[in-house]
Amino acid sequence: MSWLDTLDIDVTTPGATFTATVPGDRLWTIRTVYAVAQLDAGGAPSRYYQLEIATSTGTVALVAAPNAAGDSAQDEITWANCPAASIAVTGVGVVVAPFSPPVLYPGYVLTGTIVNAVLGDAWTTARVWYDYVLTSGGVPA
Amino acid sequence: MTLRTVAVADPVPGTDWSYTVPGRYLLDITGITATLRTINTTLQTTMADITGNGNDGTHGNPSLVGLELVPGLVPDDLAIECTHNTIGTAPLVADPVAGDFTIALWIASDDPDAFFNCPIFRGTVNPTVRFQVRGNAFGGFFQLTRVYAGASSDFFTTGTMPFPSGPVFVVAVYDEAANHVEFYLNGTAFPAQSYAAHPMTETSDEVVFGTNGVGVTSTMDEVVVFDTALSAADVSALYAAGLVDWATWQGVVTPLAPFAWWPLDDSGANTNDFVALLVTNGANPVADIPQGSVDVYAGSGPWAYSWQPGLGASSQSPNGGVTTVAIPRLVLPAGYTVGAHTLDLSAADEWSDITIWWDDALMAALDDYNPYIFPPSISLKFLTQGG
Chain A
258 MSWLDTLDID
268 VTTPGATFTA
278 TVPGDRLWTI
288 RTVYAVAQLD
298 AGGAPSRYYQ
308 LEIATSTGTV
318 ALVAAPNAAG
328 DSAQDEITWA
338 NCPAASIAVT
348 GVGVVVAPFS
358 PPVLYPGYVL
368 TGTIVNAVLG
378 DAWTTARVWY
388 DYVLTSGGVP
398 A
Chain B
92 MTLRTVAVAD
102 PVPGTDWSYT
112 VPGRYLLDIT
122 GITATLRTIN
132 TTLQTTMADI
142 TGNGNDGTHG
152 NPSLVGLELV
162 PGLVPDDLAI
172 ECTHNTIGTA
182 PLVADPVAGD
192 FTIALWIASD
202 DPDAFFNCPI
212 FRGTVNPTVR
222 FQVRGNAFGG
232 FFQLTRVYAG
242 ASSDFFTTGT
252 MPFPSGPVFV
262 VAVYDEAANH
272 VEFYLNGTAF
282 PAQSYAAHPM
292 TETSDEVVFG
302 TNGVGVTSTM
312 DEVVVFDTAL
322 SAADVSALYA
332 AGLVDWATWQ
342 GVVTPLAPFA
352 WWPLDDSGAN
362 TNDFVALLVT
372 NGANPVADIP
382 QGSVDVYAGS
392 GPWAYSWQPG
402 LGASSQSPNG
412 GVTTVAIPRL
422 VLPAGYTVGA
432 HTLDLSAADE
442 WSDITIWWDD
452 ALMAALDDYN
462 PYIFPPSISL
472 KFLTQGG
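As given, the protein sequences belong to chains A and B, one line each in that order.
So the first sequence is numbered by the working numbering: it starts at 258 and just counts up by one.
So the second sequence is numbered by the working numbering: it starts at 92 and just counts up by one.
Errors might be hidden in some of the hints.
[Claimed, not checked] If you want the footprint, here are the derived chain A segments under chain B, 3+ residues with CB under 8 Å:
no., stretch
1, 259–273
2, 287–295
3, 351–359
Honestly, the hints are just simulated from the structure, not real lab data.
Everything numeric in this text was worked out from a predicted model, so none of it was measured.
Cβ coordinates follow ideal geometry from the N, Cα and C atoms, glycine included.
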């Protein structure tokens with residue numbers, strides 16, 4: 258049996274990184290990772306967003322998404338199983354980056370990073386949308 | 092397996108469309124199509140008189156802020172926000188003020204204190220005739236002022252009344268032969284007011300409307316001037332037609348042979364909005380998928396969007412375009428929403444013809460089983476947490 262859920266990742270402490278760890282009782286099949294980045298002024302032109310999957314051994318996948326909105330702006334990023342695309346108007350960008358990981362086991366870590374961030378850059382939202390099964394084979398309580 | 096469609100209701104202009112998956116449904120989306128009509132809401136400098144009589148107006152005083160196009164008071168049309176600026180014409184071609192005339196227009200304001208200046212016909216030293224829709228703390232009223240030889244003047248007014256909300260059709264009829272002024276509000280006449288005959292002479296006839304920065308935000312649409320005194324039946328027919336849509340309104344106005352007609356919808360070149368497909372879990376976004384290709388579009392036609400798993404593409408013609416947007420496979424349970432997320436959506440932009448194609452195989456499979464047994468990898472969770 259599998260179930261559908263979303264996980265809101267705590268980004269209340271401003272920063273250029275968010276993480277989510279697959280709980281011990283679940284196997285995840287990720288549909289999307291959705292995040293919103295607020296970018297400060299003065300950032301490097303090579304700023305971009307990176308989603309990492311890591312096991313206890315180390316990094317097993319890195320998926321990049323471009324900065325669409327530029328400085329002093331907001332980007333909405335969706336990592337999903339579809340081709341890359343991005344749009345932007347003044348102050349707002351929307352980006353999708355290809356992402357289709359296999360089933361993630363307990364303890365696997367997802368990390369989102371604003372690469373080449375400046376001090377004021379921060380994630381304001383981070384959310385994982387996924388199907389899961391329980392490692393016990395049972396049903397959720 | 093049956094391929095089904097659901098038609099999503101058109102949203103009001105200036106808003107994105109959205110669809111919520113109904114209870115006990117599992118929406119396995121095959122594709123979505125919709126059409127976006129984008130309007131450059133910047134009113135152009137020239138305000139056309141569509142009778143062809145040559146009385147085009149000019150958007151004046153550009154240093155003030157805010158003259159822009161908004162959805163029309165006559166449906167399927169555009170209108171202007173008329174408070175923050177003025178529009179004026181050159182001296183009118185031919186002179187409608189010598190004798191009978193009728194002035195008609197649509198206006199709207201949510202504030203009874205709103206103040207309008209409607210068409211002003213200028214003459215000698217002062218405006219020869221001024222038709223105003225005015226308001227105060229107690230309501231609104233219409234007033235027709237005329238200036239005749241020697242700069243003398245008199246005026247006729249409806250008296251203060253509660254001002255209706257929403258689009259209002261106001262008409263002033265000047266019947267020189269009968270020495271009557273008649274006002275109409277939404278097709279209903281006020282008692283006619285008589286006046287003494289005075290010859291009116293003018294050296295110029297300009298029409299000016301807009302309040303040049305006075306009053307609260309208001310909308311004006313379809314200003315029409317006739318060089319005849321319309322009958323009550325004609326006014327009633329105009330009002331009824333204007334409530335339907337612009338084509339119906341046009342069908343009634345045209346046979347009455349207006350002297351001048353300013354629809355007040357002179358838009359600039361159409362601009363292509365940037366569109367993404369937004370999916371939420373009923374509370375928060377879980378995916379926002381943008382279009383892949385961006386075209387700079389300078390035409391005036393609608394733009395069709397087609398979202399489907401696969402590869403994206405785009406093409407355009409002088410009358411519109413099509414963009415196919417590649418999306419992941421979306422299987423959405425009850426309570427989830429899918430809809431457009433348009434960047435820079437303006438107040439006059441309109442989505443229409445929204446159709447979702449979906450495959451009912453997964454949902455049919457659910458119906459065949461105990462509700463707690465699901466097909467592999469795709470699931471519904473009936474419990475209260477998450478989802």
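How the hints compare with the structure:
no.	hint	in the structure
1	259–273	holds (count 7)
2	287–295	holds (count 3)
3	351–359	holds (count 3)
This entry satisfies every hint, going by the numbered hints stated previously.
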